[in-house]
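When you get a sec, could you build the whole thing from the sequences and use the hints?
When you line the sequence shown up against full-length UniProt numbering, it's residues 1 to 227, in that order.
Be careful, since some hints might not be right.
[As the list claims (entries may be wrong)] Dumping the calculated EDC-like pairs for lysine to aspartate or glutamate here, alpha-carbon to alpha-carbon at most 16 angstroms:
#	residue 1	residue 2
1	Lys-207	Glu-153
2	Lys-207	Glu-154
3	Lys-207	Glu-111
4	Lys-207	Glu-140
5	Lys-105	Glu-14
6	Lys-202	Glu-224
7	Lys-105	Asp-13
For the record, the hints were derived by calculation from the structure and aren't laboratory data.
Values in this document were obtained by computation on a predicted structure and should not be read as measured data.
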Amino acid sequence: MAEQQRRVLVVDDEPTIAESVAARLRAEGFEVETAADGPSAVAAASARRPDLVVLDVMLPGFDGLEVCRRIQAERPVPVLMLTARDEETDLLVGLAVGADDYLTKPFSIRELAARVHALLRRAGRAEQRDGHRIVLADLEIDVVERRVHRSGEEVHLTPTEFQLLVHLAGRPRAVLPRERLLAEVWGWGEAASTRTVDSHVKALRRKLGADLIRTVHGVGYALEVPR
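Here is the structure:
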């Protein structure tokens, strides 16, 4: 399916924002559905099976975090969350339930459109990846089945966490700068978004162990495995 035919679900209870985002994405060739509350968003995601969801955190019915949790439980789909808050706890909770990226209100419609394109390009690359298996000490990554085990225990990762782990595991012990990870994993080179990388790394550490990824302050991250 060509990118101009992709379907995007925009979820926001502020009509001005929802209409502005939808109009911009339609102008760029996307088919756009909108929803204004948690229950209708989940129903729309199930019925329309969008290729990407733009999702506000604060919604009536139930919030965007619960929406994200429910739609990711049904099928993996890239999610760009919109929030008026910029607290790290909010970011980590969003990442834990499957969000791929964040924009903090107020945001540029042009930037949002660029993020949507970048997330869809990354999702397309993931679908085209040749199947193989990565084994590094007690860490096993099955790229074909998209499953991860550490010390024999399976660990559930969100789609973005999985892509970041595979990227780091492709060059074990090598320090990969945050900006490079943004460009190669997220498809986005905006330096102001490096906090997204930091938050995903924290989520990986929480799930796989704090010893797995080393921070090189001021530079980036490296996957640590025994020699």
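Going through the hints against the structure:
1. Lys-207 x Glu-153: holds, 11 angstroms
2. Lys-207 x Glu-154: Between Lys-207 and Glu-154 the Cα gap is close to 10 angstroms, so the pair holds against 16 angstroms.
3. Lys-207 x Glu-111: At roughly 31 angstroms apart (the allowed maximum being 16 angstroms), Glu-111 and Lys-207 break the hint.
4. Lys-207 x Glu-140: holds, 14 angstroms
5. Lys-105 x Glu-14: The hint holds at about 12 angstroms.
6. Lys-202 x Glu-224: holds, 15 angstroms
7. Lys-105 x Asp-13: Holds, at about 14 angstroms.
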